[in-house]
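Chemist: Starting from the known structure of chain H, fit chain R onto it as the hints suggest.
Read top to bottom, the protein sequences are chains H and R.
Oh and the first sequence: position 59 is 59 in the numbering used here, straight run, nothing missing.
So the numbering used here is basically just the index in the second sequence, starting at one, shifted up by 1000.
Incorrect hints may have been included.
Under 7 Å between C-beta atoms, here's a sample of chain H residues computed to sit facing chain R [unchecked claim]:
no.: 1; residue: M1
no.: 2; residue: I5
no.: 3; residue: D6
no.: 4; residue: R46
no.: 5; residue: V115
no.: 6; residue: I132
no.: 7; residue: P164
Chain H stretches covered by chain R per the calculated footprint, using a threshold of three residues with CB under 8 Å from any CB of chain R [claimed, not checked]:
no.: 8; segment: 29 to 43
no.: 9; segment: 86 to 96
no.: 10; segment: 152 to 163
The set of hints was computed from the structure by calculation and includes no laboratory data.
Given the structure is predicted, the values throughout are model-derived calculations rather than measurements.
Quick reminder that beta carbons are idealized off the backbone N, C-alpha and C, glycines included.
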Amino acid sequence: MPEPIDVVEALLFASDVPVEADRIREVLDLSSADEARALVGGLRERYAARDSALEIVEAGGGYRMLTRPEVAPWLVRLARSRTRARLSRPALETLAIVAYRQPASRPDIDAIRGVNSEGVLDNLMEKRMVRIAGRKEAPGRPFLYETTREFLVAFGLRDLGDLPQVEGELAVPDAVVVAPTDGDASQQDPGAGGADEPARG
Amino acid sequence: MTLLAPDAATPTLTIRVEEFEGPLDLLLHLCRTNAIDLARLPIRTVTDQYLAHLEAIQFQDVESAGAFLVLAATLIYLKSKLLLPADEGAPEELDEEGEALRLELEARLREYARVKALGGWLAAREAEQALRWARPRGELPAAEEIPLEDLSVDLLARAFDRLVTEQRRRAPRAVEPEPPSVLERMAEIVSLLRSTWSLLFSTVVGTERERAELVVTFLALLELVRLGRARAQQTELFGDIVIERGREEVLTDAGTD
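Looking at chain H on its own, in the form it has when it is part of the complex (with noise of 0.2 Å):
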């Protein structure tokens, strides 16, 4: 009989996407979160006991597992490929803007980037970096952008909170509290509280 923690490292192996606490709490029928997030504790403490290749990271309100980054040579080889495609300075700097000051209509990038940034947008809306939140009511209605769960976790944060804080004007949004599902509803990590974020519809 394969004990609780067995059980959550199958489900993260399994998964190509980040797994939530509360998906582990489902799928185990743990009767808290918190309980999902002490497994997943456990089974990060016996990784590094045994200096595991892998690891579990927690990226885009849920826990993957990935190989550390000391092996990363010998994936390449096994990769055939030196690099994955990253994104060009254009677009790293308007995803800035739109993580920042979400939601972010082309005007606005516009007049901070000072030229135009359609194609960008649209190279990220492709990479779905970010993606249409709705519409602006301002002339010509234009479209809002926000930043999609894929870019937590290509760049591996948490939540938006994970991003650096800055001064002035290109505050962190507040993160959007979601109202906490009854199986936590009185042990609620307000350090993971973020974390739900994402996962709205």
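Modeler: The following block gives chain R in isolation, referenced to the frame of chain H:
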């Protein structure tokens, strides 16, 4: 035992592109190279250098040139307000309107500098993540509920656009006098299957993808499947169809061997 990482000493190739992402990028670059405090933007120096750079830039399109020129105009306007020759080192005095304009420019520069820094942070983060590998694709069957959150009308419109342009691209083409008959196509597939275990529907159809040919090929495949001479499977919706030898073919092959 620890293994030595392969390619530990990777030669780094640096390509420097003398091109700026926009007028603010250029202005910021000038401030940085001159070690200028953004709060005391010296209009005279910066304007001259900016215009000098502008002459050297090869613009790819009118719009990006326009963006650079707008800032150039602003700088020239500000400089025109400082026409009286001042002593070197004397503070530049602007009138109220000019000062407001300069403050706005300074604020935009600051904002842009922040964005650039954040872009750099994201780049570092991305590089860090590139060293970690996840499982590429889970083998779990797809969830029954389709997550609609990341789909949008825009994506749909884009897909449609792509189809339309694809159609348009191959608009002028020769008219096929007579499409191959179903029987011919069946024979063709069977003979192809004799030399290979499986093949893709798309390769049988060829690159032309004429409607008549598609229909004939599909009918031929259906007929072969009905006769048990071939098997067909499609692993994903609208994906390519994999055609394999039918059971009978396998048996007869085994018998003759």
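Chemist: Now tell me if each hint is right for this structure.
Modeler: Consistency of the hints with the structure:
| no. | hint | verdict |
| --- | --- | --- |
| 1 | M1 | violated, 22 Å |
| 2 | I5 | violated, 19 Å |
| 3 | D6 | violated, 18 Å |
| 4 | R46 | violated, 19 Å |
| 5 | V115 | holds, 4 Å |
| 6 | I132 | holds, 5 Å |
| 7 | P164 | holds, 6 Å |
| 8 | 29 to 43 | violated (count 0) |
| 9 | 86 to 96 | holds (count 8) |
| 10 | 152 to 163 | holds (count 5) |
Of the hints listed earlier, those the structure fails to meet are numbers 1, 2, 3, 4, 8, in rising order.
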